[in-house]
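Novice: Just so you know, the sequences run in chain order Z and B. Under this note's numbering, think of the first position of the first sequence as 1, with each following residue one higher. Under this note's numbering, think of the first position of the second sequence as 1, with each following residue one higher.
Hint data in this document are derived by calculation from the structure and do not stem from the laboratory. Quantities reported herein were computed from a predicted structural model and do not represent experimental measurements. Beta carbons are placed, not taken as given, at the ideal position from N, Cα and C, and that holds for glycine. All clues given are correct.
The following residues of chain Z were derived to be distant from chain B, with all beta-carbon distances above 12 Å: (1) A17; (2) E20; (3) T36; (4) T38; (5) N40; (6) V51; (7) S69; (8) V71; (9) T73; (10) A83; (11) H98; (12) E99; (13) T100; (14) H101.
Below, computed lysine to any residue pairings styled on SDA-like, alpha-carbon distance capped at 25 Å: (15) K3(B) with N30(Z); (16) K3(B) with S54(Z); (17) K36(B) with M64(B); (18) K3(B) with G12(Z); (19) K56(B) with S54(Z); (20) K175(B) with V134(B); (21) K3(B) with G107(Z); (22) K3(B) with V104(Z); (23) K56(B) with E53(Z); (24) K56(B) with G4(Z); (25) K29(B) with T74(B); (26) K3(B) with V25(Z); (27) K56(B) with G55(Z); (28) K56(B) with G107(Z); (29) K175(B) with P154(B); (30) K56(B) with L6(B); (31) K175(B) with T157(B); (32) K110(B) with V25(Z); (33) K56(B) with L106(Z); (34) K110(B) with G90(Z).
Chain Z is nowhere near these chain B residues, computed Cβ spacing over 10 Å in every case: (35) P79; (36) Q153; (37) S182.
Now for the letters of each chain:
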Amino acid sequence: MKKGVFPYFADGIQVTAGAEAWDGVSGFVNLAVAGTFTINPASYNGPGEPVVESGAAIYITNTTGSAISVVVTGGVLADGTSATESIAAGGSYTVMFHETHGFVTLGEVS
Amino acid sequence: MIKNVLPFFLNGGIQVLTDNTATESWNGKASFVHAKASGAKSFTLGLSAENGFPVKPGTIVVVMKVDADANAITVNPTPDMSSEAASVELNGENQTCMFMLKAPHGSNTKGEWVLLAKDADTTFSGGTVSADTVFSGSVEIEGSVGFYNTAPQPQETILAIADTSAATAQSVGDKVNALIASLKVTGLLG
Numbered sequence: 001m002k003k004g005v006f007p008y009f010a011d012g013i014q015v016t017a018g019a020e021a022w023d024g025v026s027g028f029v030n031l032a033v034a035g036t037f038t039i040n041p042a043s044y045n046g047p048g049e050p051v052v053e054s055g056a057a058i059y060i061t062n063t064t065g066s067a068i069s070v071v072v073t074g075g076v077l078a079d080g081t082s083a084t085e086s087i088a089a090g091g092s093y094t095v096m097f098h099e100t101h102g103f104v105t106l107g108e109v110s
Numbered sequence: 001m002i003k004n005v006l007p008f009f010l011n012g013g014i015q016v017l018t019d020n021t022a023t024e025s026w027n028g029k030a031s032f033v034h035a036k037a038s039g040a041k042s043f044t045l046g047l048s049a050e051n052g053f054p055v056k057p058g059t060i061v062v063v064m065k066v067d068a069d070a071n072a073i074t075v076n077p078t079p080d081m082s083s084e085a086a087s088v089e090l091n092g093e094n095q096t097c098m099f100m101l102k103a104p105h106g107s108n109t110k111g112e113w114v115l116l117a118k119d120a121d122t123t124f125s126g127g128t129v130s131a132d133t134v135f136s137g138s139v140e141i142e143g144s145v146g147f148y149n150t151a152p153q154p155q156e157t158i159l160a161i162a163d164t165s166a167a168t169a170q171s172v173g174d175k176v177n178a179l180i181a182s183l184k185v186t187g188l189l190g
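Build the full structure now, drawing on both the sequences and the hints.
Specialist: Written as structure tokens, this is what we have:
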């Protein structure tokens, strides 16, 4: 039987000040200012860890008054292409990195 | 070292809310809540677990509306990470929302709830539909109607029926005929 992937959220909040990329560390992101947010699995996941670990989950909430685009590179549900998700004002988006499938969507609130 | 928040479900059974309008609070031990109400009702998620202990980060709580009544049930997570979504409204049978408690951060010393997922609302509270739309069932319009960017008009006006009291007594066939005639006059129907 294959080993399971257990989701976890790194305990840290990234608060954006405009268009930004994921810092590779925070499990929670507050989109506080308009601007596209980009997630890349090549991001660092802490010192000594060159890529995102399998199971790393990110909760992204949009606290602005307008929709914001979140661009996931590396694929959602193993499609291997970039995926753009529009997060409504007050909405949220949760993704998890899976070593086989790339980023997969866990939930979305619009 | 980075501390992680691991999501988990409590083994505390199902909390069933009373079928009334009284505000109720989470019991701190159930990850699954069945909500029903006889009118508008609120349910509050706080930071106290069973016996008053702090809730552990990663705790997941799923709230489901289990009755078919039209009564809306409002779920209030306190505190909530998202300032824009202070509460969640469940208005349809089997509609659910799922929260997780994240760890304390900054000035927050006990943690805060994040809304991970929520079923789509079963009612449409207004907005714009930009794509072609097909209604496979009957459509009931209770307000005014406008076509092709015209200001919405009362349906009696569009149907060219001046006497609304008499209109209530008209047969459906008469109304349809009036609508067809009106559409022909405006050139919308050949």
